Structures are given as C-alpha cells and as structure tokens.
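Following the hints, position chain B against chain A.
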Amino acid sequence: MSARRPVGRVLVIGLDCATPQFIFGPQRFALPNFQRLMKAGCWGLLKSCDPPITVPAWACMMSGKDPGTLGIYGFRNRKDHSYDAMFTANATSVKEPQVWDILSRCGKKVAVIGVAHTYPVRPVNGWMVSGFLAPDTYADFTYPKELKQELREKVGEFVLDVRDFRTDDKDRLLRDVHEFMENRFRTAEYLLQNTPWDFFMVVEMGMDRLHHGFWKYADPAHPKFMPGNPYESAMREYYARVDDWIARLAAIVGDETAILIVSDHGAKPMLGGICINHWLIKEGYLALKEFPTTRRRIEDCAIDWSKTRVWSAGGYYGRIFVNVRGREPQGIVAPEDYECVRDELIRKLETMTGPDGCLLGNRVFKPQTLYRAAKGVPPDLLVYFGDLSWRAVGLVGVDSIYTFENDTGPDDANHDHNGIFIMDDRTGRGGIELRDLNLLDVAPTLLNLFGIDPLPDMQGKVIS
Amino acid sequence: MQKGITIHLAGVNAAETAHVLLNRLGELGRSAEHIDETAQKSLGNKETADLACEHSSQEGRVVIAGYPDACPSGESLHIILDPNDTPDFAAEKILDELAAAGVINLETGTYSPEEEEKVRQRLADLGYIE
Numbered sequence: 000m001s002a003r004r005p006v007g008r009v010l011v012i013g014l015d016c017a018t019p020q021f022i023f024g025p026q027r028f029a030l031p032n033f034q035r036l037m038k039a040g041c042w043g044l045l046k047s048c049d050p051p052i053t054v055p056a057w058a059c060m061m062s063g064k065d066p067g068t069l070g071i072y073g074f075r076n077r078k079d080h081s082y083d084a085m086f087t088a089n090a091t092s093v094k095e096p097q098v099w100d101i102l103s104r105c106g107k108k109v110a111v112i113g114v115a116h117t118y119p120v121r122p123v124n125g126w127m128v129s130g131f132l133a134p135d136t137y138a139d140f141t142y143p144k145e146l147k148q149e150l151r152e153k154v155g156e157f158v159l160d161v162r163d164f165r166t167d168d169k170d171r172l173l174r175d176v177h178e179f180m181e182n183r184f185r186t187a188e189y190l191l192q193n194t195p196w197d198f199f200m201v202v203e204m205g206m207d208r209l210h211h212g213f214w215k216y217a218d219p220a221h222p223k224f225m226p227g228n229p230y231e232s233a234m235r236e237y238y239a240r241v242d243d244w245i246a247r248l249a250a251i252v253g254d255e256t257a258i259l260i261v262s263d264h265g266a267k268p269m270l271g272g273i274c275i276n277h278w279l280i281k282e283g284y285l286a287l288k289e290f291p292t293t294r295r296r297i298e299d300c301a302i303d304w305s306k307t308r309v310w311s312a313g314g315y316y317g318r319i320f321v322n323v324r325g326r327e328p329q330g331i332v333a334p335e336d337y338e339c340v341r342d343e344l345i346r347k348l349e350t351m352t353g354p355d356g357c358l359l360g361n362r363v364f365k366p367q368t369l370y371r372a373a374k375g376v377p378p379d380l381l382v383y384f385g386d387l388s389w390r391a392v393g394l395v396g397v398d399s400i401y402t403f404e405n406d407t408g409p410d411d412a413n414h415d416h417n418g419i420f421i422m423d424d425r426t427g428r429g430g431i432e433l434r435d436l437n438l439l440d441v442a443p444t445l446l447n448l449f450g451i452d453p454l455p456d457m458q459g460k461v462i463s
Numbered sequence: 000m001q002k003g004i005t006i007h008l009a010g011v012n013a014a015e016t017a018h019v020l021l022n023r024l025g026e027l028g029r030s031a032e033h034i035d036e037t038a039q040k041s042l043g044n045k046e047t048a049d050l051a052c053e054h055s056s057q058e059g060r061v062v063i064a065g066y067p068d069a070c071p072s073g074e075s076l077h078i079i080l081d082p083n084d085t086p087d088f089a090a091e092k093i094l095d096e097l098a099a100a101g102v103i104n105l106e107t108g109t110y111s112p113e114e115e116e117k118v119r120q121r122l123a124d125l126g127y128i129e
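Chains as they are written, first to last, in numbering that gives the first Met the number 0: chain A, 0 to 463; chain B, 0 to 129.
Quick caveat, the hints were computed from the structure, so don't treat them as lab data.
A hint or two may mislead.
With a cut-off of at most 20 Å between alpha-carbon atoms, the simulated EDC-like pairs for lysine to aspartate or glutamate come out as follows [stated by the list, open to error]:
| id | chain 1 | residue 1 | chain 2 | residue 2 |
| --- | --- | --- | --- | --- |
| 1 | A | 460 | A | 432 |
| 2 | A | 108 | B | 87 |
| 3 | A | 169 | B | 124 |
| 4 | B | 117 | A | 160 |
| 5 | A | 78 | B | 114 |
| 6 | A | 94 | B | 96 |
| 7 | A | 288 | A | 327 |
| 8 | A | 147 | B | 87 |
| 9 | A | 38 | A | 255 |
| 10 | B | 117 | A | 83 |
| 11 | A | 38 | A | 243 |
| 12 | B | 117 | A | 299 |
| 13 | A | 38 | A | 432 |
| 14 | A | 46 | A | 386 |
| 15 | A | 108 | B | 84 |
| 16 | A | 78 | B | 116 |
| 17 | B | 92 | A | 95 |
| 18 | B | 117 | A | 139 |
| 19 | B | 117 | A | 298 |
| 20 | B | 117 | A | 163 |
| 21 | A | 215 | A | 404 |
| 22 | A | 78 | A | 95 |
| 23 | A | 144 | B | 84 |
| 24 | A | 108 | B | 81 |
| 25 | A | 78 | B | 113 |
| 26 | A | 78 | B | 129 |
| 27 | A | 94 | B | 95 |
| 28 | A | 147 | B | 114 |
| 29 | A | 144 | B | 87 |
| 30 | A | 144 | B | 15 |
| 31 | B | 117 | A | 135 |
| 32 | A | 365 | A | 386 |
| 33 | A | 215 | A | 231 |
| 34 | A | 144 | B | 114 |
| 35 | A | 215 | B | 124 |
| 36 | A | 144 | B | 26 |
| 37 | A | 374 | A | 456 |
| 38 | A | 78 | B | 115 |
| 39 | A | 78 | A | 298 |
Being a predicted model, the structure only gives us computed values, none of them experimental.
Extracted from the complex, chain A is given alone in its bound form (with noise of 0.2 Å):
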C-alpha cells in the first residue's frame, strides 16, 4: 500500500465550503496560485459524505469513516429515543482517530488549526487551535493551553467566527468574513514559521460564511440576482484574496512538502425552503395539540405524541423520525410497520412538486443504505429537497409548505455534494485531472504520503 516515497512534510489548507465551479468549471475565478498547484500535480470534484454538512464531514475526512461510523449526522443529533434529549456533536463526539490522532502516535509533529470538529482540544503532538464550535475564546481552545496567550501577543486575538452573520448589512458583514479569513490565515502564518511541523493543517471558514451571505449577489443563476449590485465581485475577490495567501504559506513551507487544498463540501444557490413539518401536518403525519399561529419552531409547540407517526427537524438537509412504539416513549407506529412508514414517506417525497408544480428531485434516503453502520441515533430518512436547491424548514404556523424567507435572516446558498481536491506531492503529476474521489479518501492519502498504512478499517483509498 506505502510503496511511494515518504514525502518530508504535508501542508493541508481546508477551505470550508469551497466550490469547484468557481475553482474548476468554465465560470472560475482567475487564481493563479491554484492553478500552479492543480499544473503541478493533479486535482478533482471531491465528492463529500452524506449530509455535505460541516460537521461530520471534516471528521469524516480526517477519520477515513463515514457518518454512520462515526454516528454523527450533523450538528445537532439525538442522545437518545426521547424526544428532547440533544447533543452537540464536537471533539468529544468523535471516538474513530483523525489523521493527527494517528501522526502524533507515530511520532511526527502536527500543527492543526481551525477544523470544525476539534472542541474540546485534545492534546496532540504539537499544537492545536480549535474551531468554532469553541464556546467563546475565554475558553481553553488550544493545546496546549499556553498557545492561546502566545497567539494573542504574537498574531492578535483568534477569531473563531463572524459574529451576527444573519444581517442586512452586508458592507459590515464582508468586512467580518474578510478579517476572519485574514487572522485564520495570519495564525497560520505564524504557526508555520514559528514551530516545528511534519503535519500541517489550516481550514478557513469564511468561505462558508461568504457563499451563505453572498451567494444571491455573485451568481446571475439566483433568482434574487440583481446585475450592478454592489457585492457582484465580492466572491471573485475573496477567492483571489485566499489565492494570494495560498502563494504566501506555499512559499514558507518550501519545495519538499506536500499541498493538499481540500473542502468538505460545495455549495449551489439556495431557491427557498421546504416547511417539512407543515407539510407532515398536512399528510395526516404529525399532530400538535394546538397550531400555532404564529411561525414557532417545533421543539417550542406540543406535539400530540399520542396521534403523531412522524416529526421532522429542519436544516441544510430535512431529518425525519417515526414514532415507533417501543422506541420513542410515546410511540405509536408499530415496528412491524416501519419499512411501511418509511417507504410510503420515500415516495411522497420524492414525487413532491415544487410551487410550479414540477417534480421537486428530492433525494431520500434510509441511514442504513448509506453508511457501512448507523451508530447512534441516525434519523429514520434523510431529505435533501431540491437536492439541496431547498432548505428544510421545521417551523410550523406557517401557511404554505414553501417559504422563499428565511426566519433566521438572509441566507442564499446551500451545500452542494461535491468539494475540490488539489494536490501537488511533489512527483511532478503534471496536473492530472482525476475522477472519482472521495472525501474519504484524504485520511488514507494523507497517511500515505508519510509511508503509513491506512487503517484497515478506514472506508476510503489512497489517491494515487
């Protein structure tokens, strides 16, 4: 499996969210640092894990295992078969080794900064400074615990997001997105010249937030795209900004180490949102005691458990759980009609039409389809309505199943399924486009560029 040359060091720039059409596709943005490193060595669509969400699918890259393995299907997921019983998914959460996990025991020094999924930080052999899923930077979100003081003197105070991301104010919120990505990159900067490294990784979430924020504005195919509006360059000028920083961290790390440029999902314009909850109202599924009438959320209303077969929890993707008896406390669908339940929503959804009254193209899955195990509490289906064109809405007191505003502010993107993938390792590929790759694969590829076997349980291959 290791017959390739150990290369002596590997550099990993994450860029949350970043997308191939503007990298790849014909619309692509002029960024000559990416393209140097796509001549270089070889690149492709990474396709990403289902869901394309943030969290799990930086764990699942740097595990090698797919959500279900891990048992974690998104931000937010269920303790257990109540009702109400929630937990956030993070560092704690995720019990497969991640790529620094298996380097640092193999004696190689890492360096990782800002991947979503490393709160609480676990200490490594080396440095970690975690992601947003940090509480606030008062708390210990670095190891070891004195880096936090260091970056502060040294770079300035870590940003871990933007704050107020959903606004109106868009010149404020450009500024935010811009200094974030400046400072994640600037604390690399440093890291990489200032401590010894064999592992490297860098993810910038920005990006994300400047697709969500901006997408409407940058993409003539958004319904809501006005030519001439001030923000139509904003993306293009973003990516040629994190293009320059590309060059800048490339230069410092020098010709003998390895560049990967990876992003765990893509994004498309978002056209609305589905009222998944409403809409089970309406198909006889779910049953509150009273409707409300005005939008509220579905953990805020009381569900009529006793004539409810199915709920629903909204997101980039819909989750839907069935009420089965025995399971939930309350349950009322018989576990001998489950499949039954759960066929019977597959085909509803998938033949449900759009405000025009064309087909949808929702996608809906069983978990146990689409993982090799489904630990945790999966949910009974995952939705991607639209095939992620339409968000899930849980809000209920609405009026129509379709919703074309956002409760929680202006948002114009989705994740799309596929992500990007650059690599020069220094063998001098000559900018080989390659095919079929998978998120999965970048934990194997990664040991594998230091001479280490893939676990043998990891679920993706070394790109080669």
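Chain B in isolation, oriented as in the chain A frame:
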C-alpha cells in the same frame, strides 16, 4: 468506590510524564499517587512498595509505579514511553488507555449548559440547525 489500577511507567521522561499524569488525573477528579524510586526506598524495599501499590489501587486510586522492577499484583497497565512523545502527549495517551479500561471517563463536561446554549444559538444563527 472508583476502580483503581497500577500503571508501570518506564522509559524516557518517565518522571516528567508521571508528574503531568498526576495533575491531569487530579483535574479529572481522580485520586492518584506516584511511587517513584525515592518513595520506594522510603517504604523499605521493592516488595513493600509493590504491596503499597496493590493496597492503594484496591482502595480505588490510580497508582503510578515508577521504581525499577515494580511488580505489584492486581489490575495494571505496563507503559513503555515512546521517546518521540512529549510528557504531555504521553500522559494523554495513558489517559486514553485508562478510559478504555474503564478507570476514568473523558467524555463528561465538554460544555456547561450556558456554553451548550451559546453554541446551539450560534449554529442556529449560521443556519446549520433551527
């Protein structure tokens, strides 16, 4: 009573690692003690030190036996330290083994209720959840 265990620690940086490990176990609320070569001599000989380790672990403590040829009976972990590991990292690897053996729990207390709500609200604001 909590489950006790004896850890035989040997190799590079054993004393430094034991020091870090004691502190970390204290942070995790576990009673622990380190019987190093000096402590072993003050106890008499190796056999009495072995007995002390055994007795202490039976009372629910984590005992680090850092003296040569330690051989107490009872549940134990034998750790040869990796020379590539820093004492901090070596201690964390041992904590992982202790967790796997059911001696400690590393999974609790990641967020306070206030922190959990703060993170949940941030995720909702970002659109990941509602």
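Verification of the supplied hints:
Only pairs whose Cα atoms come within 20 Å are accepted, and residue 460 of chain A paired with residue 432 of chain A is accepted, the gap being roughly 17 Å. Among the hinted pairs, residue 108 of chain A with residue 87 of chain B is consistent with the structure: their alpha-carbon atoms are about 13 Å apart, no more than 20 Å. The suggested pairing of residue 169 of chain A with residue 124 of chain B holds, with an alpha-carbon distance near 16 Å, which does not exceed 20 Å. Pair hint residue 117 of chain B plus residue 160 of chain A holds up; C-alpha atoms about 13 Å apart against a cutoff of 20 Å.
Straight-line distance between C-alpha atoms of residue 78 of chain A and residue 114 of chain B comes to about 18 Å, which keeps the hinted pair within the 20 Å bound. Only pairs whose Cα atoms come within 20 Å are accepted, and residue 94 of chain A paired with residue 96 of chain B is accepted, the gap being roughly 13 Å. With a C-alpha separation of about 18 Å, the suggested pair residue 288 of chain A and residue 327 of chain A falls inside the 20 Å cut-off, and the hint holds. With a C-alpha separation of about 17 Å, the suggested pair residue 147 of chain A and residue 87 of chain B falls inside the 20 Å cut-off, and the hint holds.
Taken as a hint, the residue 38 of chain A and residue 255 of chain A pair is honoured in the structure, with Cα atoms around 17 Å apart against an allowance of 20 Å. Of the pairs offered as hints, the one joining residue 117 of chain B and residue 83 of chain A holds, with about 18 Å between alpha carbons and a cut-off of 20 Å not exceeded. Restraint check for residue 38 of chain A and residue 243 of chain A: the C-alpha separation of about 17 Å stays at or below 20 Å, so the hint holds. Of the supplied pair hints, the one linking residue 117 of chain B and residue 299 of chain A holds, its CA atoms being roughly 18 Å apart against a limit of 20 Å.
A distance of roughly 9 Å separates the Cα atoms of residue 38 of chain A and residue 432 of chain A; the hinted pair therefore holds under the 20 Å criterion. Restraint check: the Cα-Cα separation between residue 46 of chain A and residue 386 of chain A comes to about 14 Å, which is no more than 20 Å; the hinted pair holds. For the given pair, residue 108 of chain A sits about 9 Å from residue 84 of chain B by alpha-carbon distance, which is consistent with the 20 Å threshold. Proximity of residue 78 of chain A to residue 116 of chain B is assessed by CA-CA distance (about 16 Å); at most 20 Å being required, the pair is judged to hold.
Of the supplied pair hints, the one linking residue 92 of chain B and residue 95 of chain A holds, its CA atoms being roughly 14 Å apart against a limit of 20 Å. A hinted pair counts as satisfied when its Cα atoms are at most 20 Å apart, and residue 117 of chain B with residue 139 of chain A qualifies at roughly 16 Å. For the hint linking residue 117 of chain B to residue 298 of chain A, the alpha-carbon distance of about 17 Å falls within 20 Å, and the restraint holds. The suggested pairing of residue 117 of chain B with residue 163 of chain A holds, with an alpha-carbon distance near 13 Å, which does not exceed 20 Å.
Proposed proximity of residue 215 of chain A and residue 404 of chain A is supported: the alpha carbons are some 13 Å apart, at most 20 Å. The straight-line distance between the Cα atoms of residue 78 of chain A and residue 95 of chain A is roughly 18 Å, inside the 20 Å bound, and the hint therefore holds. At roughly 18 Å between alpha-carbon atoms, residue 144 of chain A and residue 84 of chain B fall within 20 Å of each other, so this suggested pair holds. Of the supplied pair hints, the one linking residue 108 of chain A and residue 81 of chain B holds, its CA atoms being roughly 14 Å apart against a limit of 20 Å.
With a C-alpha separation of about 18 Å, the suggested pair residue 78 of chain A and residue 113 of chain B falls inside the 20 Å cut-off, and the hint holds. The straight-line distance between the Cα atoms of residue 78 of chain A and residue 129 of chain B is roughly 17 Å, inside the 20 Å bound, and the hint therefore holds. Taking the CA atoms of residue 94 of chain A and residue 95 of chain B, the gap is about 11 Å. The hint holds against a cut of 20 Å. The hinted pair formed by residue 147 of chain A and residue 114 of chain B meets the criterion: a straight-line CA distance of about 19 Å does not exceed 20 Å.
Under the criterion of a C-alpha separation no larger than 20 Å, the hint pairing residue 144 of chain A with residue 87 of chain B is consistent with the structure, at around 11 Å. Only pairs whose Cα atoms come within 20 Å are accepted, and residue 144 of chain A paired with residue 15 of chain B is accepted, the gap being roughly 18 Å. Between residue 117 of chain B and residue 135 of chain A the CA atoms are separated by roughly 9 Å; this keeps the pair inside 20 Å, and the hint holds. For the hint pairing residue 365 of chain A with residue 386 of chain A, the CA-to-CA distance comes to about 15 Å; that is within 20 Å, so the pair holds.
About 9 Å separates the Cα atoms of residue 215 of chain A and residue 231 of chain A, which keeps this hinted pair within 20 Å; it holds. Restraint check: the Cα-Cα separation between residue 144 of chain A and residue 114 of chain B comes to about 19 Å, which is no more than 20 Å; the hinted pair holds. Of the supplied pair hints, the one linking residue 215 of chain A and residue 124 of chain B holds, its CA atoms being roughly 19 Å apart against a limit of 20 Å. Pair hint residue 144 of chain A plus residue 26 of chain B holds up; C-alpha atoms about 14 Å apart against a cutoff of 20 Å.
For the given pair, residue 374 of chain A sits about 15 Å from residue 456 of chain A by alpha-carbon distance, which is consistent with the 20 Å threshold. A distance of roughly 14 Å separates the Cα atoms of residue 78 of chain A and residue 115 of chain B; the hinted pair therefore holds under the 20 Å criterion. Taking the CA atoms of residue 78 of chain A and residue 298 of chain A, the gap is near 15 Å; set against the 20 Å cutoff, the hint holds.
Of the hints listed earlier, there is not a single one the structure fails to meet.
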